[in-house]
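Residue numbers (my numbering), protein chains in the order written: chain P, 1 to 234; chain F, 1 to 663; chain A, 1 to 318; chain S, 1 to 491.
Wrong hints could be hidden among the right ones.
To be verified - Simulated DEER-style distance windows between Cβ atoms: (1) A:W249 / F:P529: 41 to 49 Å; (2) S:R100 / P:S31: 39 to 47 Å; (3) P:R88 / S:L421: 37 to 45 Å; (4) F:R619 / S:H476: 50 to 58 Å; (5) S:L16 / P:S31: 49 to 57 Å; (6) A:R3 / F:P556: 34 to 42 Å; (7) S:E94 / F:Q65: 44 to 52 Å; (8) A:V4 / F:A595: 53 to 61 Å; (9) A:A273 / F:R388: 47 to 55 Å; (10) F:R619 / S:L418: 54 to 62 Å; (11) S:L20 / P:Q124: 20 to 28 Å.
As the list claims (entries may be wrong) - Rough simulated footprint, nothing fancy, chain F against chain S, three-plus residues with beta-carbon under 8 Å: (12) 171 to 183; (13) 231 to 238; (14) 322 to 330.
I should point out that these hints are in silico values taken from the structure, not numbers from a laboratory.
Keep in mind it's a predicted model, so treat the numbers as computed, not measured.
Ideal placement from N, C-alpha and C gives every residue a C-beta, glycine not left out.
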Amino acid sequence: MNLAALPLLDQAVLVLAAMALFSAFALLAQSRLLSAIHVFAWQGALVAAVAALTGAASGDVNLYISAAITFVLKVLLIPWMLHRLVRRLALERQADPLPYPALTLLAGAAIVVFADWVAAPVAQFEHSATRNVIAISLAIVLLGMLTMVVRRQALAQVLGFMAIENGLFLAAVASTHGMPLVVELGVAFDVLVAMVLFGVFFLQIKDSIDTLDIDRLSQLASSVEQDEDTEPPR
Amino acid sequence: MMLAALALPLAGVAVLAALASAAVSLAASRWPRVLSWLSFPLLGVCALAALASGIDALWFGGAHQAVLPLGLPWLPWEVSVDPLTGVFLLILGAVLLAVAVYGPGYAREFRNGRDSLAALGVFTALFVLGMLGVLLAADAFLFMVAWELMSLASYFLVAFQHEQAEHRHAAFLYLLMAHVAGLAILLAFGVLAAASGSFSFAAMRAVHPDAFWAAVAFTLALLGFGTKAGLAPLHVWLPEAHPAAPSHISALMSAVMLKVALYGFLRVVFDLLGPPQWGFGVTLVLVGGATAVMGVLFALQQTDLKRLLAYSSIENLGIIFLALGLAQIFQAAGHPALAALALVAALYQALNHALLKGLLFLGAGAVLHGAHERSLDHLGGLLRRMPRTGWFFLIGCLGMAAVPPFNGFVSEWLTFQAALQAWQLHDSLLRILVPLAAAALALTAALGAAVFVRAFGTAFLGRARSRQARHAHEVGRGMLAGQALLVLGIAIAALLPGPVLGLLARAATQLTGAAVTGDGWLWLTPISPRVASYAPLPILAVLLVVGALGVALLRPRRRAAIRRAVPWDCGFAPPTPRMQYSAAGFAQPQRRVFAPLYALHEQVTPGRYELAVGDRAWRQLYLPLGALTDRVADRARRMQAGHVRRYLAWSLITLLVLLWIVS
Amino acid sequence: MDRVLTLTAALLQPLLLLAAAPLLVAWIRRVKARLQNRRGAPLLTPYRELRKLLGKEAVVARTASPLFRIAPYVVFAATLLAAAALPVLSTLLPGARVADAIALIGLLGLARIMLTLAGLDAGTAFGGMGASREMLVTTFAEPALLLVVFTLAMTTHTTNLASMAASTLAGDSVLRPSYMFALAALLLVGVAECGRIPVDNPSTHLELTMIHEGMLLEYSGRHLALMEWAAQLKLALFAVLTVDLFLPWGLATRLSPLALLGALAALVLKLAALGALLALGETVLAKMRLFRVPGFLAMAFLLALLGLLAHVILESAL
Amino acid sequence: MIWLLLTVFTPLAGALLLPLLPRVSVAGWLNLALCALSLVGALGLAVEVLLHGSLAGDSFRVDAFNVYLAVLTAFVGLTTAIFSRPYMYYVHSEEKRVSRNGMRLYHSMYQGFLFTMLLALTTDNLGILWVAVEGATLTTVLLVSLYRTPAAIEAAWKYFILCGVGIAQALFGTVALYFAAQHVLPPGANGLSWSTLYAIAPQLEPRVMVVAFVFLLVGYGTKVGLVPLHSWLPDAHSEGPTPMSAVLSGLLLNVALYAVVRMKMLTDAALVHSSTPQLAGHLLMGFGLLTFLVGAISLHRRRDIKRLFSYSSIEHMGLMTFGFGVGGPLATFAALLHMLVHSLTKSSIFISVGHATHIARSQRIERIRGLIRTQPAVGWSLLLGVVAIAGFPPFGIFTSEFLLLVATMQAWPWLTPLLVLGLLVALAGLFRAVQPMVFGAAPVGQYPVRANMLPVILQLAMVLILGIAIPGVLAHWLDQATQLISGRPLL
């Protein structure tokens, strides 16, 4: 299908999806926490915009609601909570540089290729223009996971987690024009609760090990079981 | 015939009595007397019923079946009693009866201890129940349930005095090996069930797997039942576990449980598996022969009386399996009558070993009870302190040493007779193998005699080597009566081989289709009078007559019969108990001759000689396996490194790999 | 009538052997003495020794149990019973139906076990030593003996000694390699079992080399007499066993007086020759060190095994 | 319908109500009562299903498969509540490890957890199923960190992160399913209804279904504890309060496996005409076997008693997964039975373990010694529980393992040696650790604790009965479930 033959709305959807993908890369590479939170907010906005545009293209009211929920949650509420946490934990200046940025980004690119390969049989089956967004969303999901694997900062991990959620949402919107509303609400509720819990945990972790570097959270390795002097609690 | 149909109901009574015994034993933690007044008598009822059922089944022959309303809906538990079951019900009943009479006296010891009497009673009864279940089962599922129940209950009995670390170790090893055995048997049944499409023995009997799968099933059955029966090199648990249990339980384990394993093997290989193959027979002969020689060599070096008896059990099971191998070879070669002879020899040996080893373990228990010691190096002179136990023990020893007119000789004689018919085989390999097996058997018999001379000689003769042995006391009436019952059984098996063989032959006929006769009550003439015959009663009569004549003729008429004096000992200083030959010293020549087979640790310091005789199988097979497990476990543990990022990476990699696989 | 005759013969044959056993021992001593250029004791000396011992007081160690006093009777009776299973003069022997060759070996085993237990009973060092060594000898000697019997049983298809002898008599004289091995094994085993040189020395009480005598050390009086007599009987028994199995010619197959007389004459000749051979061997050979005994016995076992294998490989196809 | 509402929404009401109660002791009793009420509902539901067959509605579906799991969930919920009342009260008032607010949170989340479990079981909507399973994570994650120790927080964090990511993958799979369904279903139809999807499954595009299944498997498989996605499980099970360990091992894993099996049924139906009709089964078998073996070997050289038993849970989940993967009526029946008996046994073991750790005042295996001497009831129940979980008759786990081995023997004979090896290694690992704990002399200064052994006795008795004779009703019920899953009944 020729890109030029698409309606303008669809073209816009594709552009926005590409930008969301880029934001996933930005999230992967961005070492400063505050900037990363901003990138995440932008990604949320892009995804919400995709939902709204798809709604406009298909005339589905549910999608507007989804877009609104996403906007409120991912662009406003969660970045705000994260901001507050960063300030409360005095992490504004903290950076979390990647150990091998070039390699990580290459791996990210490979993942995109892989996602396209996996999604191809799925996508060829859909006739609408937005079918290739499925590959993009899968790539965003996998990149989110990659972010969680490579980042040592607990907050950065949460951002990766939330990016996965964004990818999922994008997939739902692009492939099926959104899930039924009950499910969307349930998902949104879960995300919200998860965010609250993350906040609780940050405080607890900070209390107990005085840092949010999750590599320090390795007391429970089985090899440590051999240690005689650490007495695990009941 | 009304009586013929009684076998199954009687077996049912036995099962119910065992269940009742288990149930009432629960009360023993509060009222210890329950054990003596209810649990053991109920076991006695169970024993009598099993005995009656076994004799009934053997006397009348035929199979009686029933289906129980238990188990799975499409897999109900089936039970049956046939002559093969009968033989083993007979063994179980005979030994259990003695144990039930013996038990109360022995268990009284534990009343003051901290070990739970309720556990003892409950698990003893469950153990018996499990063994009964194995014998009665007519489908693989019930068989496995009963089999594992038997293993599990005996595990708890081995662990009964669990405050001693070596008992715990023995129990663990035992449980592990029992599980190996159980799973192998389960797989063997799996093969049979896959061929016949059903778990019922009747169906398995009707449809046989092809040659390959039959070989697989045979190997699995040999592995499973052989582990339980203590075949080398799977025997290591046995000398650990049997001594650890209370003595009357050791008697049950050695005398009955090993036979139950034998029963299982017979049932699977001779009854269910289908046409015999000479390869199976050769395997059995080799494994049995190796086990017998290995067992007796190690028995000769033990200083713990109960360990010695345990190794001797290994030896005997080796002999039995060797005889089974002969039966398989003869059957495969088309000589069912000879196969039946070899099978009868095996069954007779099983019966003898049950009675003898039961008696010896009960005797060892009495020694433990009377002298609080079971190391041969600390015993001595017990024949004068505990005369009745001592003479009973002597009978057991002579029986195990297989000399006429005792019962051990009858089965050995039958086995030799079977082996000597090897000239009828056509295959020259087999014709060589069978005489070689007979040679191994002969070697085993000679060493076996040495084992029991050593055991009786150091424990009961000579002079006490410790204070406990010097102050040993005879045990109570119940414990003696238990042993006496087994002596009665031994006497019957020893002196009336014809009738006993006639009974056992029913089972052999069931499995081979050929008959064996004992030729009347006096003679034992399995093939023909020209070939060989044996009559123990005249032998006993002549021995008694000559002995009595000698005493009567030679007794001096004027003086006192004898004069007592200090031992002569070539006129050296009056000997002290420490100058006696010790148990280790007695077996020293054989230790030198067979040194490469033992893992010896000797340490000589001035005035002390320390010796440990280890099992090579243990060091070369089991310890490496344990170490391997630990190494793999440590490696697996590295997966659990504690870093959440690594866990996430695992997750991501799994996802990518799976997507790659399916795309 | 026939039956009575057979039974009488059956009763008389072992008694005959029992009566003749000391004579055989005396004969061997005599030949040995001659070979050593001595005159030697009269042939009746063993009988006199037995009579002397029977008249003496029996002294029993304080530490011994009742088993010590029972053992001589059991040993004697069992050996005698074993002798009853042996065709001494005639192959018509009901005793052989009661106990075949395997049972014979078993009865000898019973005697030996009682002997060793008695050796252990007094709790002395030498008794234990003798018992321990006796058990070492048995470890190889008994299986070797069994294998010898098996070799012949495979040929004659019977373990009944009378039938074996009868079967050898009835058949043609064939030169069998298996018999050669078996005979050699049987001779070695017999030497070891009867406590002769080079395994044991019956005429010494030198403490550290004793086997059989070590076990008898605490015995005296009638007990010792029975033990000694049983040992002599055992030697005679092995001698008769050897000739029965390998040289049965001369044995009576009927119970006619003539045949029996002929058998007696043949037996005397054969035993005399065998005894002389043993004496010669004992003169030529030296007593071995105890640690070399297992090698000697292993050789016996090996020979017996070779006999069995030679039979299976070379002869059974015939 | 009324039973369903009673079953599912009683816990929800409890979750909202219990934190409002001022007194901790009353909350414990109320917790118990609510569980009992929910069990009554589940039993009523079961009777209804038994009498009238499956119930299906707009967004729920109750058939033989899930109703037995629902009863099991409610039952284990109740028995654990019986255990947890005095146990948590002891932790709160004697050990002072949990504050009053902590106790409120505990009771609320306990009910919330039960609600999500029951919701996940009874819903027909795959989206709601996802929400409920995610909800189960959220409700339990705070309980894992209830003690606020660094280790507990760390365990909770890992649990949260790993399960969160895993479940996100399941959502992607769900989206893909919905996507596949939309192409077949008319507009307006409920493309997330499992019943609807199952009915049209053969028309679903196989290639999409395969990708969807992979995501669903990895997603829900994380919660099942499939290796190598299992890393959170030992941490979470060992650091939380013991009642939580009991329900996590006994219930959560089951529900996650339930979800996997539902997805497998859909995939199987969709792939029936493709070139790889057995793909889902093979994947499950591979994961199951790997999980089983790794779980079994990991039982060796453990130092922490609760970690030990959480590895045992992993091992058994592997076995069940393998069973479902083998397919066929016999293996499926065996796996269903195994789910049942494993839940009962494992939760009873965790209850005994809870008492044992209180007796020894430590969770380290080498400090727990001589339990039978100190407190025979606890020692024997732990020992018998382990005997049962190790697969000895006459306990029910033997039956299911027997059937599973036999089924494997028929379908994949060359895999049975691996299974047998695993079972042996597992037995050795378990007894190596447990035997010194229960046997032997008691250390000085070790005293019995107050323990309510009723739940343990009840559960072990049930496992025992299941091992001796499976009641006809239950067998019929399991058989119906077998028919649902494998397409053929066994009987």
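Status of the hints after comparison with the structure:
The beta-carbon spacing between A:W249 and F:P529, approximately 24 Å, falls outside the hinted interval of 41 to 49 Å. As the Cβ distance of S:R100 to P:S31 is approximately 43 Å, the hint placing it in 39 to 47 Å holds. Distance hint check for P:R88 and S:L421: the Cβ-Cβ separation is about 53 Å, which falls outside the suggested range of 37 to 45 Å. For F:R619 paired with S:H476, a C-beta distance near 54 Å keeps the hint of 50 to 58 Å intact.
Checked against the given bound of 49 to 57 Å, the beta carbons of S:L16 and P:S31, roughly 43 Å apart, lie outside it. Here the CB-CB span from A:R3 to F:P556 is close to 39 Å, well matched to the stated 34 to 42 Å. With their beta carbons about 60 Å apart, S:E94 and F:Q65 fall outside the hinted range of 44 to 52 Å. Under the hint 53 to 61 Å, the C-beta atoms of A:V4 and F:A595, about 58 Å apart, fit the expected range.
At about 52 Å, the beta-carbon gap between A:A273 and F:R388 stays in the expected band of 47 to 55 Å. For the pair F:R619 and S:L418, the supplied restraint of 54 to 62 Å is violated, since their beta-carbon distance comes to about 28 Å. Between S:L20 and P:Q124 the Cβ separation comes to about 55 Å, which falls outside the hinted range of 20 to 28 Å. Counting residues of the segment 171 to 183 of chain S whose CB falls under 8 Å from any CB of chain F gives 0; the rule of at least 3 is not met.
As drawn, the segment 231 to 238 of chain S meets chain F at 3 residues by the rule of a beta-carbon pair under 8 Å; at three or more, the given contact holds. Check on the segment 322 to 330 of chain S: 0 of its residues sit with their Cβ under 8 Å from a Cβ of chain F, so the three-residue criterion for coverage is violated.
Taken one by one, the earlier hints fail for this structure at numbers 1, 3, 5, 7, 10, 11, 12 and 14, listed in ascending order.
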